[in-house]
Amino acid sequence: MSNVTDAKPQATAVPASGLKKFWADFSESRLALFALAVFSTILFIALFAPWISPTNPYDLGSVDIMNSRLPPGSEDFAGNVYWLGTDGAGRDMLSSIFYGLRVSLGVGAFSGIVAMAIGATIGLAAAYFGGRLETIIMRIVDIQLSFPSILMALIILAIFGKGVDKTIIALVLVQWAYYARTARASALVEKNKEYVEAAQCLALSDRRIILSHIMPNCLAPMIVVGTLQTAHAISLEATLSFLGLGLPITEPSLGLLIGNGFEYMYTGDFWISIFPGVALLITIVSINLVGDQLRDIFNPRLQK
Amino acid sequence: MDAVKPILQIENLQTHFFTKAGVVKAVDGVSFDINAGEVVGLVGESGSGKSITGFSVMGLVDAPGKIVGGRIRFQGEDIAAMSPQQLQSLRGNRISMIFQDPMMTLNPVLRVETQMVEAIKAHDSMISKSEARARARDALGLVGISAPEERMRAYPHQFSGGMRQRVSIAIAMLNRPDLIIADEPTTALDVTIQGQVIHEMQRLCEVTKTALLWITHDLAVVAGIADRICVMYAGRVVEQGPIASTISQPLHPYTRGLMGSVPSQNRRGQPLQQIDGMVPSLLNLPSGCAFQNRCAMVSDKCLSEIPEPIDVGEQRLVRCVNVGQEPAS
Amino acid sequence: MKPILTVSNLSKDFTKPLDLIAKLLNKVGQDNKEEVVHAVDDVSFAVQRGEIVGIVGESGCGKSTLGRMVAGILSPTSGSVEFDAEQTKASDLPQALQTQMIFQDPYSSRNPRKRVIDIITEAPIFHGLIARKQKNEFAAEMLQRVGLDPDTLQRYPHQFSGGQRQRIGIARALAVSPELLVCDESIAALDVSIQAQIINLFVRLRDEFTLTYLFISHDIGVIEHISDRVIVMYLGRIVETAPISSFLQTPNHPYTKALLAGVPRLEVGKREYEPVSGEIPSPLDPPTGCHFHPRCPFASERCQREAPLLRELSAGHFSACHLNDEAQP
Chain X
1 MSNVTDAKPQ ATAVPASGLK KFWADFSESR LALFALAVFS TILFIALFAP WISPTNPYDL
61 GSVDIMNSRL PPGSEDFAGN VYWLGTDGAG RDMLSSIFYG LRVSLGVGAF SGIVAMAIGA
121 TIGLAAAYFG GRLETIIMRI VDIQLSFPSI LMALIILAIF GKGVDKTIIA LVLVQWAYYA
181 RTARASALVE KNKEYVEAAQ CLALSDRRII LSHIMPNCLA PMIVVGTLQT AHAISLEATL
241 SFLGLGLPIT EPSLGLLIGN GFEYMYTGDF WISIFPGVAL LITIVSINLV GDQLRDIFNP
301 RLQK
Chain Y
1 MDAVKPILQI ENLQTHFFTK AGVVKAVDGV SFDINAGEVV GLVGESGSGK SITGFSVMGL
61 VDAPGKIVGG RIRFQGEDIA AMSPQQLQSL RGNRISMIFQ DPMMTLNPVL RVETQMVEAI
121 KAHDSMISKS EARARARDAL GLVGISAPEE RMRAYPHQFS GGMRQRVSIA IAMLNRPDLI
181 IADEPTTALD VTIQGQVIHE MQRLCEVTKT ALLWITHDLA VVAGIADRIC VMYAGRVVEQ
241 GPIASTISQP LHPYTRGLMG SVPSQNRRGQ PLQQIDGMVP SLLNLPSGCA FQNRCAMVSD
301 KCLSEIPEPI DVGEQRLVRC VNVGQEPAS
Chain C
1 MKPILTVSNL SKDFTKPLDL IAKLLNKVGQ DNKEEVVHAV DDVSFAVQRG EIVGIVGESG
61 CGKSTLGRMV AGILSPTSGS VEFDAEQTKA SDLPQALQTQ MIFQDPYSSR NPRKRVIDII
121 TEAPIFHGLI ARKQKNEFAA EMLQRVGLDP DTLQRYPHQF SGGQRQRIGI ARALAVSPEL
181 LVCDESIAAL DVSIQAQIIN LFVRLRDEFT LTYLFISHDI GVIEHISDRV IVMYLGRIVE
241 TAPISSFLQT PNHPYTKALL AGVPRLEVGK REYEPVSGEI PSPLDPPTGC HFHPRCPFAS
301 ERCQREAPLL RELSAGHFSA CHLNDEAQP
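Chains as they are written, first to last, in the working numbering: chain X, 1 to 304; chain Y, 1 to 329; chain C, 1 to 329.
If you are wondering where the hints come from, they were derived from the structure by calculation, not from laboratory data.
Please note: incorrect hints may appear among the correct ones.
The calculated EDC-like cross-link candidates involving lysine to aspartate or glutamate, where the alpha carbons are at most 16 Å apart (straight line), are [said to hold, decoys possible]:
id, chain 1, residue 1, chain 2, residue 2
1, X, 191, C, 105
2, C, 270, Y, 227
3, Y, 20, X, 134
4, C, 33, C, 51
5, C, 270, Y, 206
6, X, 191, X, 134
Let the sequences and hints guide you as you build the complete structure.
And the structure:
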């Protein structure tokens, strides 16, 4: 009697797993696709700002105070068109926004990645080792999460002072707790699955089990949190900069632009503040929409 | 020949699921009858379509599934064609369903009493609350729950698994239905509790003359309680007939294989009969007989046409063109 | 001949520790006890090389916990699990690898992100049993041993059916050349016809590699089919252990008798179930004395007071019941 009972595993009619399936699921929502397109554009702008920007607003040589506060669409004597107008110092708004996106996204994403790395490690360790370690860590997480993030950030900056690095530190300290909590929850679910027991039965080391088995299966929810948190981080940084506490003038983010332009609102030169604000809005909304769709696709998958 | 019409007549039922990946023909040409007071066992493995058949009768098939063909006649009326409102008056009233997981029937945030009274009142709006409570209490006593008056006030989570299933049975019997569809009612229960629940259901159905469609993968359970058995494979009934003759002399190769696979003390020392291969994907059924890739007696005819049910006498029907032959090896 | 596995007085308690508030309240005079579940209560038995020992019982009997302790996944509260290293083929392997476990759920017991080849070869490479470049050959051989096509090495678990996944799990366990396999409800999640394939596979592997099995199942039919010896557990204790012939012909303990009587059998003829009364008690609050006394038709006052000890009735046949004492002069 033949012992090979099946020649090949059944060809399932589901499309090949991995990237193709992911894309198929993601494109189910037109809105998410649109948001992804918008965000990709923004990302492109942020990455290539120095090359695609019409002017370099921070090159003091090219900025002329004579061009200050020109309304959107106006031309200057040299024939340059300022599509979004100029600000109080004569800088082109469009270019300022391009550079601003660069800073905002850069700071937001970088702090997000660092926070994810720290938070995920702590959360995974807490879940895997359990016991007192877990209790202590999670209580710290709980306490931190009960503070409003703005308040925490302000306190941290008040202590450490202004600056790019200090802003990033503040953002990381504010965000790591979200990642820790998500990582722990996800790891707890995975830890109780039988494949972890099987790995323990095969006498694999703890380190290997956490890194090689549990963590890859926790990535999905982490990516979702990461996306949404990045948007949050960008928004938080904008608030701080608006208040004048975050980034210095040499690294102008969108928040700073909004803040600087605020005083001109009273005189009717709305474009100096509003356009950066709109750019910020579009960025955050598009990231959120992409994050929402990611969350939707990953959820039913996780339940399988 | 019985002059009494069967209370349930399923004729060529087809329920398909329209998914992104294609059309899943979960039920594809199922026909059988249930007579009043009869216990019919609907047996099959996963993917055979037995549960979907039960859901189709109850009208519980949701999108992307749809009944696309055939008729389901309950006491003469075609319920596959009924509107949701009409179905609603039948469900819980003249046809009830019991699920594998009693928590599909029971609402965890309502007391048992509340749910039972609600089920009674849904089909008899004139009844008073105290009368309804009395009926509920009697029903609980009937399924063997002691001190029903007090136990009624409890929440579902305060009952054990076996008790919860009994409560589901009680709810199913509340309005004295003519037919109960039970989908794997005892599969999740322990052996000793399963014995209790089967005993209760047997007794109840005998006393109230309720017909019972027992859907399960467990042949042994069906052997002990059913009058007739229908064996399903890949969406079709491949064999049906009276329980005694079907079990002692199965005719369809699949039924034979299934009987041979069941381990017991009688088969110690010998390898169990294996059915090689796997169930074909319902998205991609082969033309001809669905069992062709696993059958020892497969012939050319099997590959080209779907076998129709052949009447071999004694009220037995078999979907196999080679019925009666022994396998070549 | 010395047994290959000796389990002595093995116990496992699961305690729910008091939280801070309860501890404080205790200081003030309240008496909050910790909740303790004696999942496994003083269990002892021995297994000979090449034997298949079936462990059977219902929910809460502790068989899964026992299995995990034997496999080394769970550490016992007291007692010991001793492995006779002299009898093992390659004693330079880590002790833990001598016993491997086959799990119940074919879906969650494979890491969905790892390919089959990695699942099978991870542990052997980690422990230095094979070199990295032998990966492909080794994995291919393992797959063939369990009846799978070696061409499927690069696939992911979800591309296989349930039965195939169980085979992958068996291959994974065999990859570290264990002596003892603990099968915890390994076939419960599979269809009947696939169960038959896996049962046959288990027996074949035992014959080919002189493996020893601890086969944990609630399915008495399966236990009856393959076990050489049977251990019956109830609420954490062994109530009876016997060679398969005595188990089938002369079961002694009332619980064993109730189990055997309650199992549905694939036999012709309507079955009259005489169910055991009562619910399975919660392990949090087990009955005093003999755990089975509330449900035992022969219970006496002594049964309520005093827990019976396992007494040998005949060669290898032990039972824990006071009734046996009365029968002895």
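Hints, one by one, checked against the model:
no.	hint	in the structure
1	X:191 <-> C:105	15 Å, holds
2	C:270 <-> Y:227	8 Å, holds
3	Y:20 <-> X:134	43 Å, violated
4	C:33 <-> C:51	42 Å, violated
5	C:270 <-> Y:206	13 Å, holds
6	X:191 <-> X:134	14 Å, holds
Hints 3, 4, counting from the list given before, are not met by this structure.
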